[in-house]
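Visitor: Line by line, the protein sequences are chains W and Y. Sequential numbering from 1 applies to the first sequence in the working numbering. Sequential numbering from 1 applies to the second sequence in the working numbering.
Derived from the structure by calculation, the hints contain no laboratory data. All of these numbers come straight from a predicted model, not from anything done at the bench. Beta carbons are placed, not taken as given, at the ideal position from N, Cα and C, and that holds for glycine. Don't take each hint at face value.
[As the list claims (entries may be wrong)] Not everything, but these chain Y residues come out facing chain W in the computed CB check (under 7 Å):
no.: 1; residue: SER120
no.: 2; residue: PRO121
no.: 3; residue: GLN122
no.: 4; residue: ALA125
no.: 5; residue: TRP316
no.: 6; residue: TYR324
no.: 7; residue: ASP325
no.: 8; residue: ALA363
no.: 9; residue: ARG439
no.: 10; residue: GLY450
no.: 11; residue: GLY452
no.: 12; residue: ASP453
[Unchecked claim] Pairs of lysine-lysine, DSBU-like flavour, derived with a Cα cap of 30 Å:
no.: 13; chain 1: Y; residue 1: LYS102; chain 2: Y; residue 2: LYS79
no.: 14; chain 1: Y; residue 1: LYS306; chain 2: W; residue 2: LYS457
no.: 15; chain 1: Y; residue 1: LYS437; chain 2: Y; residue 2: LYS79
no.: 16; chain 1: Y; residue 1: LYS320; chain 2: Y; residue 2: LYS306
no.: 17; chain 1: Y; residue 1: LYS102; chain 2: Y; residue 2: LYS306
no.: 18; chain 1: Y; residue 1: LYS320; chain 2: W; residue 2: LYS457
These are the residues of each chain, in order.
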Amino acid sequence: MRRIAHSLAATVALAASAFAVPALAQDVTITNATVATGDGSEPIANGTVVVRGGAVVYAGPAAGAPAAAGQAIDAQGGWVTPGLFATLTDIGIVDVFGVSNSNDTTARGSPFSAAIDIAPAVNPAAQNVAISRAGGVTRATVAPEATTSIFAGQGAVIDLGDDRDAVMRPRAFQYVELGEGGARLAGGSRASAHALLRNALREATNYGEDARLTGDTRNARVTTGDDLPLDPRMTGRAERDGDVLLTRFDAAALVPVVTGQQVLYVEVDRAQDILNALDLKREFPNLRMVLVGAAEGWMVADQIAASGVPVITHPLTDLPSSFEQLAATQSNVGRMVDAGVTVGIGRFNDMNHARYAPQQAGNLVGLARVPGATGLTWGEAFAAITSIPAAISGYEGRAGVLAPGAYGDVVIWDGDPLELTSAPLRVWIDGVEQPLDNHQSRLRERYRDLDEDELPKAYDW
Amino acid sequence: MRHLVTVLGALALSACAATGDGSDGEDVASAPAPAEWDNPYPSTYRAYPGVPTALVGATVFDGAGGQIDNGTVLFADGKVVGVGGADLAIPDGYLRIDGTGKYVTPGIIDIHSHLGDYPSPQVAAHSDGNEATSPTTPEVWAEHSVWPQDPGFSRALANGGVTSLQILPGSANLMGGRAVTLKNVPSRTVQGMKFPGAPYSLKMACGENPKRVYGGRGRMPSTRMGNYAVNRQTWIKARDYDGKKRDLGMETLKGVLDGEILIQNHCYRADEMAQVMDMADEMGYRVTAFHHAVESYKIGDLLREKDVCSAVWADWFGFKMEAYDAIPENAALLHQAGACVIIHSDDANGIQRLNQEASKAQADGRRMGIEITDAQAIGWITLNAAKGMGIDAMTGSLETGKMADVVLWNGNPLSVYSRPEMVWVDGALLYDANDPKRRPVSDFELGQPGEGDVK
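Build the full structure now, drawing on both the sequences and the hints.
Guide: Listed below in structure tokens is the structure:
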């Protein structure tokens, strides 16, 4: 599914129909809907959405829609939106958070840090995939958590389709924790965390150069048994010079970070920590960063905006939970957005499920009505859980948005998707309609009543 | 005597001095407690001044399941004076507040909070919620841990309209200690927040937490059967306690057996709740509410028959094994079964949005065909919570004579777009969204970045 969708994404919609379409993808025309495209605009009354060949062809007023094709669906006044794009989740890598055997977010005993690549841990059949999908989430980023080093490792972009092909892009970003958490992992101080980070990035810089010097080692005498070429950095030198802070793999994993091929997610909350993180770009000019957390971002919003670095944050943080979050406020997102910062809502892990994204966005709309507070418009808030996190994750125009050429990720809701009373009725990913059943919905059906007159509940399935 | 104290609060103190030591026996009336047991940390809470106020034109959810469109709510001298329609006469001298397009509810009540015991900032020095040094610590009192300067109280007031809350010790222990019920008013002392006349509760926990905490240390309990064994043995000891020699833990357990102290029992699984109810029958006490209770929907009939409330989240799920069968329809299925439903937070952020959690639980029910009115859903976070805390005769609904704990919302509180506009506690206006000074700032926040922000 993913590969086909990728090929479609770069193709204009009309041309897409010339490609072989996925077996299950259906052309769909949805009418009689309030359409929210996710791009920050306000919803469109009496809108139409057309999906062909797994991609969006049209989303807009009914008047301008192309001729109906494929399955015709009357949304009966419901809402139609792109699928939600959830960033920094544990979707697919946890069954039960507190059952360590089932939880791949952390690796306390691992010798590796930056080298950790979460992709092989992703299980498309995990319940939090199914439950998030039923909540309208169609794409997500998945990240490991830092446990043995300030580097957590590399996150992946996934889709939540009901198939075995979840990982869209492995090693999509590297994650580093600074601030209080980074300080703890670095031995107890922010200063140490910064020294560790700089050392690691310099190591990676040198490592990349060393690897180039050793040249290409692929030849007939060096085989791996599976016909894969060895990375030259793994064969060129027996060992690196007396370094105890990074393993070979960890240093190699940071090479694309210093070259700017891979985005570095930096977790910081305190205003001063944010400025210090942004300063890293002067020292490592190719760094491409995303700030994560940024609870005090509003205090340095102008500097963040000037840097062009986007932010992923939890929007309802308003308690001084730590000394790096003293100025936490629910107005943080609104103030940053007003200053020109690109802000996506994210960090859905543990008890903060990705399906809560609409509630969190809706709260920012409600906040806009509180005197003295700064919230978001409806369009801005919805973009913060769709197109913006998608763009931050490298999928601008392709995910989290209903626009020609975007993935055919479509959700029909029974009402305003940001409202507490609303829920998805139908969900498509890449034009393929998705099942919305899961462990929870099956329990709900089993326990609709408590009747055991004929047989125990165990037979009620 | 203790039962008097719990009802009358500080007023009973003087009367206690006249009673002698209690004697043996299980008869509550014949076993008065020694004077020194009684209320040694009395409430010093007093209502702040208010003005006679008439809220007119708003939609009123009275907390008891009633809805009045274009309603009138009158309060003065800290009490509700009248609740009715547009035709309800407004006495002279009342401040008239136009609530057209807005909503009025009783103050929101959280039956399960750790504010003050696990305050912000969440640093080790502040971790005062679990006396995790023994499987049973009925001798500890949560109020002795509460830090009244926790900034979380003000957020619960301003964002959640919370006017009363029960602070529980944590769930590391089978018997975690006494809870305390507070009015959500800023105070220099805990006593200044204590809800006058609220009964005490004992926090108990079943399931994974106690066995994990103590099993992890190689001591009993390390299993669920160990949990029950330690509990039962402790109850047997409490039944034999004659009160002649003071024992703080036994005093609390005796209070439970005498029906004066309520039981708030952390318990997730349906099968375990059924066993706890049997244990309560065996030992002669009653569970007032199961907390967390994510599987209550499997035994709604048992809970209704036993008249035990379930204090639940709307849709927390999967964070631990005993939460794996949590479903968002839990509250609605319980409601359908005729059992008592309370929405609780157990969370410094969640307490700011209990109204939203009630709304989600209501909507999940409606989606499966269970109709729950808005007014009933509001009851889950007002009167039902008060019932579970034993304060429903005093607050939890807008009824004449009850405390004037009132929230004026700028829209339907079951909408994500609505927020409290004004909050009164005992008739005193303690939050006003339109008045930046009518908003508490804790000592901790003074002079810090973000001081006085709307938050």
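Visitor: Any hints this thing doesn't respect? Which numbers, in order?
Guide: Failing hints, ascending: 4, 9, 11, 17.
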